[in-house]
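Chains V and G, in that order, give the protein sequences. Quick note, the working numbering runs 8 ahead of the 1-based positions in the first sequence. Quick note, the working numbering runs 8 ahead of the 1-based positions in the second sequence.
Treat the hints with care, since some could be wrong.
No copy is singled out in the list; a pair is fine if it fits within one copy or between any two copies.
Lysine to any residue pairs mimicking SDA-like chemistry, simulated, CA-CA at most 25 angstroms apart [what the hints assert, rightly or not]:
id : residue 1 : residue 2
1  : K40       : L85
2  : K166      : A233
3  : K166      : E234
4  : K29       : D121
5  : K192      : R224
6  : K26       : L45
7  : K153      : L86
8  : K216      : V147
9  : K87       : N145
10 : K87       : K153
Hint data in this document are derived by calculation from the structure and do not stem from the laboratory.
2 protein chains.
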Amino acid sequence: MALSKNRIKYIHSLELKKNRKTEKVFLAEGPKLVGDLLGHFPCRFLAATPEWLSQYSQLPVEEISEVSAEDLSRASLLKTPQQVLAIFEQPEYETDASVINHSLCLALDDVQDPGNLGTIIRLADWFGIEHIFCSPNTVDVYNPKTIQATMGGIARVKLHYTPLPDLIRSLTDIPVYGTFLDGKNMYAQQLSSNGLIVMGNEGNGIGKEVEQLINRKLYIPNYPAERETSESLNVAIATAVVCAEFRRQAASL
Amino acid sequence: MALSKNRIKYIHSLELKKNRKTEKVFLAEGPKLVGDLLGHFPCRFLAATPEWLSQYSQLPVEEISEVSAEDLSRASLLKTPQQVLAIFEQPEYETDASVINHSLCLALDDVQDPGNLGTIIRLADWFGIEHIFCSPNTVDVYNPKTIQATMGGIARVKLHYTPLPDLIRSLTDIPVYGTFLDGKNMYAQQLSSNGLIVMGNEGNGIGKEVEQLINRKLYIPNYPAERETSESLNVAIATAVVCAEFRRQAASL
Numbered sequence: 009m010a011l012s013k014n015r016i017k018y019i020h021s022l023e024l025k026k027n028r029k030t031e032k033v034f035l036a037e038g039p040k041l042v043g044d045l046l047g048h049f050p051c052r053f054l055a056a057t058p059e060w061l062s063q064y065s066q067l068p069v070e071e072i073s074e075v076s077a078e079d080l081s082r083a084s085l086l087k088t089p090q091q092v093l094a095i096f097e098q099p100e101y102e103t104d105a106s107v108i109n110h111s112l113c114l115a116l117d118d119v120q121d122p123g124n125l126g127t128i129i130r131l132a133d134w135f136g137i138e139h140i141f142c143s144p145n146t147v148d149v150y151n152p153k154t155i156q157a158t159m160g161g162i163a164r165v166k167l168h169y170t171p172l173p174d175l176i177r178s179l180t181d182i183p184v185y186g187t188f189l190d191g192k193n194m195y196a197q198q199l200s201s202n203g204l205i206v207m208g209n210e211g212n213g214i215g216k217e218v219e220q221l222i223n224r225k226l227y228i229p230n231y232p233a234e235r236e237t238s239e240s241l242n243v244a245i246a247t248a249v250v251c252a253e254f255r256r257q258a259a260s261l
Numbered sequence: 009m010a011l012s013k014n015r016i017k018y019i020h021s022l023e024l025k026k027n028r029k030t031e032k033v034f035l036a037e038g039p040k041l042v043g044d045l046l047g048h049f050p051c052r053f054l055a056a057t058p059e060w061l062s063q064y065s066q067l068p069v070e071e072i073s074e075v076s077a078e079d080l081s082r083a084s085l086l087k088t089p090q091q092v093l094a095i096f097e098q099p100e101y102e103t104d105a106s107v108i109n110h111s112l113c114l115a116l117d118d119v120q121d122p123g124n125l126g127t128i129i130r131l132a133d134w135f136g137i138e139h140i141f142c143s144p145n146t147v148d149v150y151n152p153k154t155i156q157a158t159m160g161g162i163a164r165v166k167l168h169y170t171p172l173p174d175l176i177r178s179l180t181d182i183p184v185y186g187t188f189l190d191g192k193n194m195y196a197q198q199l200s201s202n203g204l205i206v207m208g209n210e211g212n213g214i215g216k217e218v219e220q221l222i223n224r225k226l227y228i229p230n231y232p233a234e235r236e237t238s239e240s241l242n243v244a245i246a247t248a249v250v251c252a253e254f255r256r257q258a259a260s261l
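All chains, please: the whole structure from these sequences, using the hints.
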């Protein structure tokens with residue numbers, strides 16, 4: 009059965025945040041990603057090639073469309089369409105800041121690039137970080153590029169969009185970390201197994217208001233240390249290097 | 009002076025590797041990146057807004073075109089064009105494997121995503137890694153997306169495209185590292201300040217032939233370690249976490 013023009017139009021409309029928000033859905037593509045998400049989020053619609061569908065006897069999906077590879081490529085947002093695409097319902101999570109008391113969490117202050125956000129979700133999953141608090145201006149987690157870049161991490165990591173200054177002010181005696189050029193060498197600090205690690209916008213870093221609320225300023229050493237450099241690290245890269253060090257210290261206790 | 013149709017066509021033609029190769033040039037855009045590269049590579053052509061040009065009394069550029077922001081946006085490959093674009097000559101580096109004897113280098117086995125390659129060059133710059141050896145099928149460093157993602161790192165990090173098995177076989181008594189799920193916890197290893205760190209393709213990892221030549225298999229621990237996971241790390245993220253650990257150990261000696 010071919011996909012109707014209206015269906016393809018609907019799928020493409022999910023590139024825009026306002027449509028995803030109205031419909032409360034998001035799009036995911038590819039066998040690995042769709043396979044990972046099927047057990048986690050209700051699936052409204054799934055279109056796949058006969059080959060992909062033949063692997064499953066039963067699928068928890070409201071509506072299934074068997075399509076040709078050609079038809080799938082008309083609907084797909086990927087450069088190289090991959091056997092299956094699916095529309096899932098957006099989950100609704102309760103935002104409870106108390107998780108920061110007993111676990112390590114991330115906060116993102118206006119991260120703008122969808123790929124960066126997806127990559128951060130994927131690495132949070134690797135490092136066992138279950139909650140990410142995002143400023144309201146952070147890119148939408150349901151952006152298709154973000155979802156693809158999570159590689160399934162979105163099934164396990166929960167995102168909460170909330171004003172970061174209010175969130176941080178609500179915490180009592182909790183370490184709030186951020187990386188700064190004038191921070192302390194993170195390898196020389198004893199890092200905690202709870203609290204918040206704040207990462208900033210790609211161009212502007214952490215905003216002034218949030219910066220004032222950070223009580224542990226860290227620095228990721230470059231190498232060799234005495235070198236004059238103009239360089240910096242991509243926000244997802246910096247997040248990974250910081251999270252790896254928190255977890256290295258926690259595992260070696 | 010407006011950009012001619014032919015000029016715009018020429019600029020756009022540089023999206024394709026074969027045209028970049030024939031012309032031996034590459035494109036870079038934005039004040040930070042172009043500013044960083046001007047001192048490092050001969051510049052054949054530069055188009056910029058009057059505001060950008062007014063900062064400079066003299067520019068080492070063969071041909072300069074003062075253009076409106078509107079004109080620039082017609083030539084630009086970026087979603088948000090940024091004041092200046094420039095065409096630089098590709099440098100030619102001699103490939104000398106002996107640098108691996110006395111410094112830490114990276115090898116990339118078929119990394120495919122231009123953004124990943126650019127991000128790896130940027131982090132190599134941060135961690136003082138000057139040479140990256142790429143398999144011939146690795147994405148072209150002069151892809152405009154790669155150049156943009158290096159954020160200027162391309163001015164300091166040298167890339168060499170060469171068959172990796174031959175390169176590794178030419179080394180004697182040199183540590184050759186790679187990350188594998190069955191490798192040894194990298195935090196429990198003494199890591200060297202010279203040698204080669206091999207990173208693999210996004211989907212398939214390190215190829216079989218190269219894998220057999222790796223003499224130090226490493227593992228990046230996830231957290232908590234006992235967790236059953238289906239996740240993995242993006243190749244640029246894994247490269248960063250590994251390089252950071254090599255440099256942490258080197259700095260603490």
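* Asked: How do K87 and N145 come out at 25 angstroms by Cα distance, when the copy is not named: within, between, both, or neither?
  -> Result: close only across copies, 19 angstroms inter versus 28 angstroms intra.
* Intra- versus inter-copy proximity for A233 and K166 (alpha-carbon distance at most 25 angstroms) -> between (36 angstroms within a copy, 20 angstroms between copies)
* To do: Measure nothing new, just compare the shortest in-copy and cross-copy C-alpha distances for K153 and L86 to 25 angstroms and report within, between, both or neither.
  => both (9 angstroms within a copy, 17 angstroms between copies)
* Can you tell me if K26 and L45 fall within 25 angstroms by alpha carbon in one copy, between copies, both or neither? -> within (22 angstroms within a copy, 39 angstroms between copies)
* Within, between, both or neither, where K29 and D121 count as close if Cα-Cα is 25 angstroms or less -> within (19 angstroms within a copy, 30 angstroms between copies)
* Within, between, both or neither: K40, L85 at alpha-carbon 25 angstroms -> Within. Shortest intra-copy distance 16 angstroms satisfies the 25 angstroms Cα cut-off; inter-copy 31 angstroms does not.
* K192 and R224: within-copy, between-copy, both or neither at 25 angstroms Cα -> within (8 angstroms within a copy, 32 angstroms between copies)
* Given a CA cutoff of 25 angstroms, do K216 and V147 count as a within-copy pair, a between-copy pair, both, or neither? -> within (19 angstroms within a copy, 39 angstroms between copies)
* To do: Pop the pair K87 and K153 into one bin, within, between, both or neither, using alpha-carbon distances up to 25 angstroms.
  => both (12 angstroms within a copy, 15 angstroms between copies)
* Asked: Is it within, between, both or neither when you check K166 against E234 at 25 angstroms Cα-Cα?
  -> between (40 angstroms within a copy, 21 angstroms between copies)
Checked against the numbered hints above, the structure violates none of them.
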